[in-house]
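Go by the hints and put chain B onto chain A.
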Amino acid sequence: MKIIGLIITIITGAFLVYAAGDFPAWADPNSPASTYLSPYYIEKTIEDTSVPNIVTAVLADYRGFDTMFETTVIFSAGLVCFILLRIIGRKEPETRHYRHILTGVTVRLKEGRKITTSEDFERIDDLWTPPDLIIKTGCRLLIPFLQIFALYVIAHGHYSPGGGFQGGVILGASIILMSISHDLRTSVERMREKVVAILCAVGVLIYAGTGALCLLLGANFLDYSALAPMLHVDPIAARSHGILIVEIGVGIAVMTTMIWIYTNISSAGKYNQGL
Amino acid sequence: MAELIPTIIAKYNYWIYIILMMIGLYAMIAKNNLVKKIVGMSIFQTAIILFYVSIGVKKGATIPILEGVHGHGAAHQVVHAADYVNPLPHVLMLTAIVVGVSTLGVALALAIRIYNRYNTLEEDEILAQIRKE
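So the sequences go chain by chain: A and B. So for the first sequence, our numbering puts the first residue at 1; every next one is plus one. So for the second sequence, our numbering puts the first residue at 1; every next one is plus one.
Read the hints as simulated data drawn from the structure, not as lab findings. It is possible that some hints are incorrect.
[To be verified] With a cut-off of at most 25 Å between alpha-carbon atoms, the simulated DSS-like pairs for lysine-lysine come out as follows:
id : chain 1 : residue 1 : chain 2 : residue 2
1  : B       : K31       : A       : K2
2  : B       : K31       : B       : K132
3  : A       : K44       : B       : K58
4  : A       : K136      : A       : K270
5  : A       : K2        : B       : K37
6  : A       : K194      : A       : K110
7  : A       : K2        : B       : K36
8  : A       : K114      : A       : K194
9  : A       : K44       : B       : K36
10 : A       : K110      : A       : K270
Just chain A, same shape as in the assembly (with noise of 0.2 Å):
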């Protein structure tokens, strides 16, 4: 298999070094994938949507229809895994470990017995060990600054390098942190399974509400001018406006998308203390 494996590759990577030699030089600017498109969005990106931020403006305005169908793609990648691990491969363990803050004794249930959530007492795995202080509160530090960056990308997302897919991965970046720094129940205590699946739709329900609001008002799917009289704008700067709904849509999705991802993955659906 090995050797078979080797051949393929090597024949593979030979045709592709023959192609390279039809394609253009690196950093051509007369490159044909530089020369047809591109330079329309370029030149007329300012006029058509007062956006200075190109990338931002291909993304969800000219493009809107390919990442509206991208962010559906990674809302239904979360659910896969929501229903793989969560659903179909659930098994509740049969004892069940709790630990009473103040004394640290841990008292151990069989099979059905539950203690009533309170105060004193909280839920651990039979593998506990006490998370780090120094790491624990160096993490609560920076948690609220990576989320108040998170945000200025998302807002910024016109004007610098930024928008809703990074934005959101810092934002779910951030609540990652806390699961890792704490344990995964104390993430999922603050971020709860139901709100993270409802954000999660609700994201994608924003940006294809958008283009179904411009449907409704008598224009294309996604073109954001038919917004105009609703804004109280001209048309051009509705599509920014336009763009910027739609990025934080694109972010709501990312940021829950990539929560529950972790979540579903790291503790193999079972929910408990995780990694």
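Okay, now just chain B, sitting in the frame of chain A:
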């Protein structure tokens, strides 16, 4: 040979992406462990991202964010396409990175399910167990 070396240097981005892509392809075909195959898939994706982003580069151009045209009233300013790198590959790869992470998540979820069922991630052991059934 003398004219071959400038060609090799002028197209070095393609050689890097081909090497990376072949590493990923070899890992996907020849490795026995499913997680190593998934890692190979990720390397393959990274090679494609590198290929696209390197296509968008222009010599002497800056990032695709227009300078000095903030807000309204500046729209009449002339923008030259040669001053900014090609934004299109950036847009395509921006979404591809996030979608790549999501598909990686789905692949890992499937690997966890396989491990729960067969108690191993080695491909030959899984196949042996399937044949026995």
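Outcome of the hint check:
no.	hint	verdict
1	K31(B) - K2(A)	8 Å, holds
2	K31(B) - K132(B)	23 Å, holds
3	K44(A) - K58(B)	19 Å, holds
4	K136(A) - K270(A)	23 Å, holds
5	K2(A) - K37(B)	13 Å, holds
6	K194(A) - K110(A)	28 Å, violated
7	K2(A) - K36(B)	14 Å, holds
8	K114(A) - K194(A)	22 Å, holds
9	K44(A) - K36(B)	46 Å, violated
10	K110(A) - K270(A)	18 Å, holds
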